[in-house]
Amino acid sequence: MAEGDPVAAWRETGLTPNLFKARVPLCLDSGARIVDLEIAYRTFGELNDERSNAILVCHALTLDQHVAGPHPSSGRPGWWSSLVGEALPLDPGRHFIICANVIGGCMGSTGPSSVDPATGAPYGLSFPVITVADMVRAQALLIEALGIDRLFAVIGGSMGGMQVLQWAADYPERMFSGVCIAAAAKHSAQNIALHEVGRQAIMADPDWCGGAYAARGVRPEKGLAVARMAAHITYLSEGALQRKFGRELQRDGLSWGFDADFQVESYLRHQGAAFVDRFDANSYLYITRAMDYFDLAAAHDGVLANAFGRSRDIRFCVFSFTSDWLYPTAESRAIVRALNAAGARTSFLEIDTDKGHDAFLLDEPVLRSALEGFLESAALVWDGA
Amino acid sequence: MNAPLAREDFNEILNLVTPGARVLDVGCGEGVLLELLTRERHVDGRGLEISPHGVSSCLARGLAVMQGDADRDLGEFPAGAFDYAILSQTLQAVLRPRHVLGELLRIARRAIVSFPNFGHWRVRLDLMAHGRMPLTQALAEPWWSTPNIHLCTLKDFVELCGALNLTIEACSALSEGRPARRTNAFSRLENWRAESALLVLSRSTGPKA
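Protein chains in written order, with the working numbering: chain G, 1 to 385; chain V, 1 to 209.
Mixed in with the good hints, there may be bad ones.
To be verified - Here are the simulated distance ranges between beta carbons:
(1) G:Val381 x V:Arg7: 48 to 58 Å
(2) V:Gly20 x G:Phe245: 34 to 44 Å
(3) G:Leu380 x V:Arg7: 23 to 33 Å
(4) V:Ala140 x G:Gly384: 38 to 48 Å
To be verified - In silico SDA-like pairs for lysine to any residue, Cα to Cα no more than 25 Å straight-line:
(5) V:Lys155 x V:Gln92
(6) G:Lys186 x V:Arg72
(7) G:Lys21 x G:Val7
(8) G:Lys186 x V:Glu76
(9) G:Lys244 x G:Ser82
(10) G:Lys186 x V:Gln92
(11) G:Lys186 x V:Pro78
(12) G:Lys21 x G:Ser113
(13) G:Lys21 x G:Ala121
(14) V:Lys155 x V:Arg203
(15) G:Lys186 x V:Gly75
(16) V:Lys155 x V:Ala93
(17) V:Lys155 x V:Asp73
(18) G:Lys21 x G:Glu46
(19) G:Lys222 x G:Arg243
It should be emphasised that the hints constitute simulated quantities derived from the structure, not laboratory data. C-beta atoms are modelled at their ideal positions from N, C-alpha and C, and glycine is treated no differently.
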């Protein structure tokens, strides 16, 4: 990297603070290519002289690169402020933490709302279908541009966990350890079914306009909000919903109509309304599709252990949550079994909580202390190596 | 977990395990034995532990440990993955001891298994004298709170090994605060003398009886 001269550095690597412009087209699993690929990213902390303290955080479906620190648009704390921050397991005082918006996203990385250089108009549905492997391939370009040969850790929950597994399968020599939280090595029929409900809600909204809503100056807000409401239920557990809302009413008495009588209705409506302000409907279609297409074993003769054939030197830690019915513990155990079969150094912990899938984003002391222990002991080995 | 006789067990296991071996500690608790084996014998160690607290402690020690249940989750390890599978003072607490023993010797070439010997003279005397479930150093909890549901004598265990066609490569008798004593597992006297027994087992190479 050309030190000190930002313009020269940009010419050489494509890196500017918070935005990376790839010098080469990104070849996708579908056979299509993305030219002029851009990746919006954030970093926290400093890369040390040995370049050995880099941690890549992979985000989930509707999250973004703002893993820590105040979000630039909402001003709210980063989405993983329970784990990333001073004196937390991922500490910018010690680690160089990188988080990039996935391709197909809508927070600055190239996606369906980006302008297609071939037409000068937003891609819309002409954006190619992407996969989790494509997301990871794009991240690998960014990591290379940042001058990092080997990441100390790749960490993620939910779709982020899927990216961790994909990293281990595709770039095992470029990571020392991996942490996969509340994820699965493939999407189940139920996972696909739930995503399909969301996509159909979006596409049934007249303002979706066959995906070309940007040109018409409208947004399929109703459809996207319904998609979010349905999805949000899957992130919680029955127990958590019952405990939080029960049958509590919004006001005294029933309306004898279809207003939000119950607090849980009002809560979901709020979740839907808040979501459409920050997320693009087409990105939702593309990213849910990428997750549905995810089946790590399928690309390796149907044997998941084969996917990790080159991963045996990686230290893994896999976490699941007892009340997560979206990616239940059995899915994590399947990952662990495959990693063991591949001979990787694997730890696994199922955390007891009633908070459902969302537990990976919440302040969960057991997760925090276990992750801290895992990373600290891994760092001792890595520094000694 | 600080089971009775854990220290005596650990010392003897340390003597038995060859340096650099691949070891699985089933029911590894907070990882004390695994850490000892890693430090003193440079083993490539893994653990299986049922309690989340134990797994967390192990992670903080830098150990690779999976949360799971010996009765249910040994199937997650591939066949022949280890040189030794260790089951220290836990066999009597599992639901399916016969199944667990079979699993240990599927995933490892050798199993090191220790358990309190219900044939020990003090146990026999205690039961005979008081007519109640024995309470001794090795069996320290009353019947209604003990995790031990499949207690056996050394003789019982040796018979099960025979039925499973397992070879007993070594046997040590353990007593609280005393060094382990190598002995003959088939000795009738030892079934009276050993407070706890630790055996090294392997699959018999010959045809099954």
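Structure-based check of each hint:
{"no.": "1", "hint": "G:Val381 x V:Arg7: 48 to 58 Å", "result": "violated, 28 Å"}
{"no.": "2", "hint": "V:Gly20 x G:Phe245: 34 to 44 Å", "result": "violated, 57 Å"}
{"no.": "3", "hint": "G:Leu380 x V:Arg7: 23 to 33 Å", "result": "holds, 27 Å"}
{"no.": "4", "hint": "V:Ala140 x G:Gly384: 38 to 48 Å", "result": "holds, 41 Å"}
{"no.": "5", "hint": "V:Lys155 x V:Gln92", "result": "holds, 14 Å"}
{"no.": "6", "hint": "G:Lys186 x V:Arg72", "result": "holds, 23 Å"}
{"no.": "7", "hint": "G:Lys21 x G:Val7", "result": "holds, 13 Å"}
{"no.": "8", "hint": "G:Lys186 x V:Glu76", "result": "holds, 18 Å"}
{"no.": "9", "hint": "G:Lys244 x G:Ser82", "result": "holds, 21 Å"}
{"no.": "10", "hint": "G:Lys186 x V:Gln92", "result": "violated, 38 Å"}
{"no.": "11", "hint": "G:Lys186 x V:Pro78", "result": "holds, 21 Å"}
{"no.": "12", "hint": "G:Lys21 x G:Ser113", "result": "holds, 17 Å"}
{"no.": "13", "hint": "G:Lys21 x G:Ala121", "result": "holds, 19 Å"}
{"no.": "14", "hint": "V:Lys155 x V:Arg203", "result": "holds, 19 Å"}
{"no.": "15", "hint": "G:Lys186 x V:Gly75", "result": "holds, 21 Å"}
{"no.": "16", "hint": "V:Lys155 x V:Ala93", "result": "holds, 18 Å"}
{"no.": "17", "hint": "V:Lys155 x V:Asp73", "result": "violated, 28 Å"}
{"no.": "18", "hint": "G:Lys21 x G:Glu46", "result": "holds, 21 Å"}
{"no.": "19", "hint": "G:Lys222 x G:Arg243", "result": "violated, 28 Å"}
Figure legend: structure checked against the earlier numbered hints; hints not met, in rising order: 1, 2, 10, 17, 19.
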